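Enquirer: Spelled out from the first residue to the last, the chains are:
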Amino acid sequence: MQGRTGVIWIIAAAPFLTAWAALFIGAYALSPFAVLRALVDGLPLFGVAADTPEQAIVFDIRLPRILLAGLVGIALSVSGVTFQGIFRNPLVDPYILGISAGAALGCALSVGFLPHLPVQVMAFVFGVLAVFLAYSMAKTEGEVSRLPLILSGVIMSAFFMAMVSIVKFLVEPMKLQNIVFWLMGSFSLADWKLVSVAAGTMVVGLTPIVLMRWRLNVMSMGEDEARALGINVKRDRLIFIAAATLIVSVAVSVSGIIGWVGLMVPHLLRMLVGPDHRRLLPLSMAGGAAFMIAADTIARNLTNYDIPVGIITAITGAPFFVYLMKKGGKESWGK
Amino acid sequence: MVCGAENQVVIITLKYKICLYVLMLMFAATVSVYAETVTATDKMGRQISVQAPVKRAVFFQTYELIPALGIWDNVVGIGRFAYQNDLMRAVKPDIERIIPSAGSGTDINIESIMTLKPGLVITWTSKPENVRHMEQKGLTVFTIYPESLQELYDDMLFQGKVFEREKKTRAVIGEMERLFAMVKKRVSGVPDAKRQKVIWIGSRPTSVACAIGVTQDVITMIGGVNPAAVYQQRNVDVSMEQIIAWNPDVIFIWGNAKYTAQEIMNNPQWRFVKAVKDMRVYKAPEWSTWSPRLAPVVLWMAARTYPERFRDVSIEKEADFFYRKVFGIPFSKVKGFAG
Numbered sequence: 001m002q003g004r005t006g007v008i009w010i011i012a013a014a015p016f017l018t019a020w021a022a023l024f025i026g027a028y029a030l031s032p033f034a035v036l037r038a039l040v041d042g043l044p045l046f047g048v049a050a051d052t053p054e055q056a057i058v059f060d061i062r063l064p065r066i067l068l069a070g071l072v073g074i075a076l077s078v079s080g081v082t083f084q085g086i087f088r089n090p091l092v093d094p095y096i097l098g099i100s101a102g103a104a105l106g107c108a109l110s111v112g113f114l115p116h117l118p119v120q121v122m123a124f125v126f127g128v129l130a131v132f133l134a135y136s137m138a139k140t141e142g143e144v145s146r147l148p149l150i151l152s153g154v155i156m157s158a159f160f161m162a163m164v165s166i167v168k169f170l171v172e173p174m175k176l177q178n179i180v181f182w183l184m185g186s187f188s189l190a191d192w193k194l195v196s197v198a199a200g201t202m203v204v205g206l207t208p209i210v211l212m213r214w215r216l217n218v219m220s221m222g223e224d225e226a227r228a229l230g231i232n233v234k235r236d237r238l239i240f241i242a243a244a245t246l247i248v249s250v251a252v253s254v255s256g257i258i259g260w261v262g263l264m265v266p267h268l269l270r271m272l273v274g275p276d277h278r279r280l281l282p283l284s285m286a287g288g289a290a291f292m293i294a295a296d297t298i299a300r301n302l303t304n305y306d307i308p309v310g311i312i313t314a315i316t317g318a319p320f321f322v323y324l325m326k327k328g329g330k331e332s333w334g335k
Numbered sequence: 336m337v338c339g340a341e342n343q344v345v346i347i348t349l350k351y352k353i354c355l356y357v358l359m360l361m362f363a364a365t366v367s368v369y370a371e372t373v374t375a376t377d378k379m380g381r382q383i384s385v386q387a388p389v390k391r392a393v394f395f396q397t398y399e400l401i402p403a404l405g406i407w408d409n410v411v412g413i414g415r416f417a418y419q420n421d422l423m424r425a426v427k428p429d430i431e432r433i434i435p436s437a438g439s440g441t442d443i444n445i446e447s448i449m450t451l452k453p454g455l456v457i458t459w460t461s462k463p464e465n466v467r468h469m470e471q472k473g474l475t476v477f478t479i480y481p482e483s484l485q486e487l488y489d490d491m492l493f494q495g496k497v498f499e500r501e502k503k504t505r506a507v508i509g510e511m512e513r514l515f516a517m518v519k520k521r522v523s524g525v526p527d528a529k530r531q532k533v534i535w536i537g538s539r540p541t542s543v544a545c546a547i548g549v550t551q552d553v554i555t556m557i558g559g560v561n562p563a564a565v566y567q568q569r570n571v572d573v574s575m576e577q578i579i580a581w582n583p584d585v586i587f588i589w590g591n592a593k594y595t596a597q598e599i600m601n602n603p604q605w606r607f608v609k610a611v612k613d614m615r616v617y618k619a620p621e622w623s624t625w626s627p628r629l630a631p632v633v634l635w636m637a638a639r640t641y642p643e644r645f646r647d648v649s650i651e652k653e654a655d656f657f658y659r660k661v662f663g664i665p666f667s668k669v670k671g672f673a674g
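These protein sequences, in sequence, are chains H and F. Under my numbering, the residues of the first sequence are numbered 1 to 335, in order. Under my numbering, the residues of the second sequence are numbered 336 to 674, in order.
Errors might be hidden in some of the hints.
Computed, partial: chain F to chain H, Cβ under 7 Å [unchecked claim]:
| hint | residue |
| --- | --- |
| 1 | F416 |
| 2 | A425 |
| 3 | S538 |
| 4 | T541 |
| 5 | V571 |
| 6 | D572 |
| 7 | Q577 |
| 8 | M600 |
| 9 | P603 |
| 10 | Q604 |
| 11 | F607 |
Straight line, CA to CA, 27 Å or less: simulated DSS-like cross-link-like pairs of lysine-lysine [unchecked claim]:
| hint | chain 1 | residue 1 | chain 2 | residue 2 |
| --- | --- | --- | --- | --- |
| 12 | F | K593 | H | K193 |
| 13 | F | K593 | H | K175 |
| 14 | F | K612 | H | K193 |
| 15 | H | K168 | F | K670 |
| 16 | F | K612 | H | K168 |
Bear in mind the hints are in silico, worked out from the structure with no lab data behind them. Values in this document were obtained by computation on a predicted structure and should not be read as measured data. Where a beta carbon is used, it is the ideal one built from N, C-alpha and C, also for glycine.
With the rest of the complex left out, here is chain F (with noise of 0.2 Å):
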């Protein structure tokens, strides 16, 4: 009897355990179904869940990110024109043998990439029936766009989440904002009568851009105005004699575009833009602006624009700060900046 009570307390002991252990489960699988899924909005106005973490990544865009959160064993494959970037190449000399390409953004193997099994693909707006391929095969594929700081933070966000790196996102992010912090504050008691014309060329001399963009943003936010943001456009082609009426203080140039500054300063008919007549014709390096990377470059715009304010300032040094911080190398092993 004494045996049998004790038994018996001993089931119900049992019982009340796996009781507790199932619950305990149960709670336990909830929490991590919560933790692991990620839904977003992505540019093609969809709603994208993912489990996090993703194991296997393919990157066709915004594939910086990948050394920024040092996510390298996340990724199955990268979009092919990550091997001729100098900033993937100084991370990883040998990025080819690392990492499989599957195409780009534009032209997707559809096969390689059935074969590398990925858990997402993260690609740009530019082909969308890519994207639609892609998923009728079974794959989920986050598409992105930004046209502003805040749509590219928004992008390093959902990047951070899938691969549960959210505080190194924020961290990343803080970096870059560290940077603009600094832009703000110097330029901020620049009056409005004196704020700079700014323009930015892209693949034509009289291609400009307009009010959409993340160019947009940088020129606000380092204190210029931009005539062309009259335009809701991305780019548009404009006549020379618009930019003439406009007369631009400081013009950047595209990075990857065909003419240098020099060009546009001995061009006779640019003679009356301001900008040139002041010498103020400056290319960008051809960095993305969809990365990281665009915080030095707002930095360097703006000590461009208003040089008086930054005039103790090394943008070398501040960026050289910021590639170690952010992507663990020295500033010297990347393009820098040329004008």
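Isolated chain H, as found in the complex (with noise of 0.2 Å):
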């Protein structure tokens, strides 16, 4: 236990410390220096920020960038641990449900035909609307089970992705480019705007999924063992998908896709803390933000060229994950 201690300390403090140490590299030259006394010229207590380029690197570039990788990581991994649970289903990742396959359409949609509405806007509605009519597909006397929406997921996500196929046909290819690029996740485009968007609507996606983390623990029983400890599974399980589908499809529109980390981040605190989503969720949310902050860093530095994070993440995240399979996925998801 007293080791188990220090890793989740270790867990708690790491999205600081890789934001911290994010702050300081970039492909402007700044001196550390040169960026400790732009943060402290910024600090409102101080009142004498100075609008110099510094000041703009530190404060309207690299932290809003950080900010936003890390809402965005915590968005992705906490909504997986979420469906996980609800799912009692390991290899569910927050796009099961056709979030991803939404949203890209109403990136193509926007790009091709709606050039008045803005990417992110399209690509939210889409991404609520492909889970909703997974959820209402799935639904058979007024009962919605488990393995049904996945199946729902799964046919929302195909029929949206030959959606987007057909759109993308017949968009010309020059704009093309256009839904190629978004649907390369990146935070390439990280403002404050966007961080105030994410920030707002995750604080109303994660509080009930926060509070309510508890539950998941009866959930991932099953749905018998659930319902005998007294536990309205149906309203339940409609709360955590809302709220899930919520941040992620936050998450999407400001970021595009990335993949990888929904699944991955919660397999591995689970090995390192175990499944008990009390600990777990919180964790969760530490450790996306950490690694999604971490995954942009190096997206941003490993050359000149701003590398498209999703790249990143899939790259550290196939191998990853066939080294779990390997290593008795079995044990560490608990039950």
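Grab the two chains, each in its own frame, and use the hints to assemble them into the complex.
Expert: The structure is reproduced here in structure tokens:
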């Protein structure tokens, strides 16, 4: 137990440490001293914020980008934990109910046919729509069971991706680039506006999940057990799905589709701290944020280019997943 | 005898004449064979030989040359995006009814193409497997992907030759060169120290055009310096910090991008970029740069980059003259300069 407490503290501190380190790294050559000075000058307490390029780099470019990466990391890993818990399936990721396909269609429509509607808004609306359709489709006689829900999510994804293909087919190859670029998740456009939108909606979505997280323990034991323990499975599942959908849709709309984080981080943490959601969920937030900030810092500094962060997460994620499968994923899942 | 001798003479003359005709015919044949076979290396590095003039061509790319060279009668198929092209619509409002489409450079309908019995298909290199597929069906395919002004000219000249419109092609290039000469002359006096730093941004505000491509040639021609030319690529994504570090004087936005110049200028992250401070962010028209239409765009870019040197030039008037001369339509019939 002693060792585990240490691990927990390290995980909890990880996002702050990575964020701090990330502030000092970037394409614009700034000495650590210049960064510190910009930070001190920028504090409202001192109120001497001279408007300098250094100030803009630290406060308007690096800081929002780090925060946005952190928020998206939180959103993806928390929703991963949530979906894996309620579906009692370790292979489920936040996109399982069709959010990514829906968002992709929203983006494609916006680029192809509705130039006046912003990509972000369209991605959000269609992401939520896809989940709503999948949920309604899975409903039989007023009941939504978990297997039909996963199935209808897969069906919705396939359907929406086919629609994306149609739009891609109809759109001029030159414009196509806009869709392709957007689909490769990236934080290159992060600014305070996106951060505030993401933070605001995430608070709304995260609050019920965090407060109800102990119920995930009960639900992951199975529906009958949960019911026997007095849990309204139907209602709670709907709340979890709605909240997780909200935060993932926002994440997708601000950064595009970033794979693997929602699958990998929960697994890793489950191995480190065990399957108890009361502890697993908050630590997933920390782990997700830290991983995403680190991945994005690599993405923007590995070369002179800004590599889409989705590539980094997939490159690290796929081999990791193979490792997990080889090394007894069963035990780490707990039950 | 006399009669016979006369006959003899007649026969000899006849033989001689036949010989002469045959010789002439043979000579004519060789000449025409040499004149009609046009050979060139395409972008996929293949030697392509075509019998000129091509009477049945399919254009998946560079179809804007059809009105420029006046070769409507030689075209049997066209890329489907030509129907949405402002220039094509302006010169042939009923283009759908005149020329069928057989897909596009990225999606081909091989049966439709075969029914058109084309002598030549002009497409781009984006899908080499399509090219091979068409060739296996016995079609002659010429691929293009101009990455410099010279390559664009070469592609235009090749098409001029295969449609026997060489003179017209040279005239079109002459019109382009006339505008380019005007630009070059006016910016030639710019001292090196005063050259404007120009970047061209694409699908994302942080995707920049680099050392390879027509854009790079254009930036050089208008007397600008492209800081992104350090990358030997077509386009790369860089971080916002990199753009601030470059600090360009002028920013041009690709015409098909999903954001406006205003959005860039209103974004606080860009406030330290000189081009934004000076409100010198411009969105280019949606025109193809693989077309003679490149020339008016170059003039427009030059005039935005060095306005003091183009004060006496009306870009609209020059563009109008160019469009009338090259495409036979007034400039007002196509999408104009936005920024």
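Enquirer: Out of the numbered hints, which ones does the structure contradict?
Expert: Of the numbered hints given earlier, those the structure breaks are 2, 8, 16, listed in rising order.
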